[in-house]
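Participant: Given only the sequences and the hints, what does the whole structure look like? Please build it.
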Amino acid sequence: MQSPAKPSLTKSLSRELKMPYYRFENMEQLRTNPHLSSGKGAIVTGTFMTLRNNNKEAGTGSQLHYHPNELMVYPISGKINSVVGKDHRIVEAGTFVHVPPNARHSMKACEDGPVSYLYCKDNTWTLAGIAADEAPPEEAPSIDDLKAKHDAGIYPGQEKMPEASEAIIDGLNDCYYPLTGDLEAPPSSTRSVKLIEGQRINFALVDSPEGYKENTEKTLHERFIYIMTGGSDANIDGDAKSVSSGDLLHVPKGVPFDFKTTSGPTRYCYFESTEFLEAKVQA
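For the sequence shown, position 184 (counting from the first letter as 1) is numbered 184 according to the working numbering, and the numbering increases by one without interruption.
Simulated from the structure, these hints should not be mistaken for lab results.
As the structure is a computational prediction, the values presented were derived from the model and not from experiment.
Please note that the accuracy of each hint is not assured.
[What the hints assert, rightly or not] With a straight-line cut-off of 20 angstroms between C-alpha atoms, the simulated SDA-like cross-links for lysine to any residue are:
#1 K241 with D258
#2 K260 with E210
#3 K194 with E92
#4 K194 with K218
#5 K160 with S62
Facilitator: Have a look at this one:
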């Protein structure tokens, strides 16, 4: 199986937006795997990672599938009917889900309401998924190709070959991490950073008191930061903005970055590339 060294196929889905600040509600809501999932949402593609806000209506979601890239999932509203490997759980806002490369998984909205979650994948593969009973394609398909085939009435996946599937079902250990009771949980009494370190992507949930400052002359890694509560002043490579709940920040690797919490306790999360991922994408 071959994968592109520097995938750029998903860049069109973010419409080549290069600004560092985003609001999901102001962006095009896209379906990336119409043959596998009902999910749709906004997408921002970085150099090493792609961040998506995935939205699914009550009772809908994805079939069991897998993909060669690592996936990080954090629900922001509603409940996920989640399967990773053989582990089936109902996941509410405040619990993080880690999907290792090629792990079989499915994310559905529960029957009692819609779900919205953040999902981050590394860019060693496109956003394309592979049905759990299919062999992987020789090359990573583009989302545009999948959509074009689906719209033309052609199944865009592979031939059903369960024996050739590379989906991992066993030996995944515990992929679920409860981090807060829910997103409305009281803020921490002091700065709190809850960190989950993947091989390719790190995830952190942060509570910061008002007035906390982060000043970096040159960022070590790429980050996507999502503001949940409170407010902050940010400056990304000279582009300054006051941000609040619902704002997404894209911080490239190697740029000046300033961040100061300004309006009460601020809760945010971020996804960050690792050295392993950066070397893999740039190889």
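Participant: Decide, hint by hint, whether the structure agrees.
Facilitator: A quick look at each hint next to the structure:
Only pairs whose Cα atoms come within 20 angstroms are accepted, and K241 paired with D258 is accepted, the gap being roughly 10 angstroms. For the hint linking K260 to E210, the alpha-carbon distance of about 8 angstroms falls within 20 angstroms, and the restraint holds. Proximity of K194 to E92 is assessed by CA-CA distance (about 17 angstroms); at most 20 angstroms being required, the pair is judged to hold. About 23 angstroms separates the Cα atoms of K194 and K218, which puts this hinted pair outside 20 angstroms; it is violated.
Between K160 and S62 the alpha-carbon distance is near 17 angstroms, which keeps this suggested pair within the 20 angstroms criterion.
Consistency with the previously given hints fails for number 4 only.
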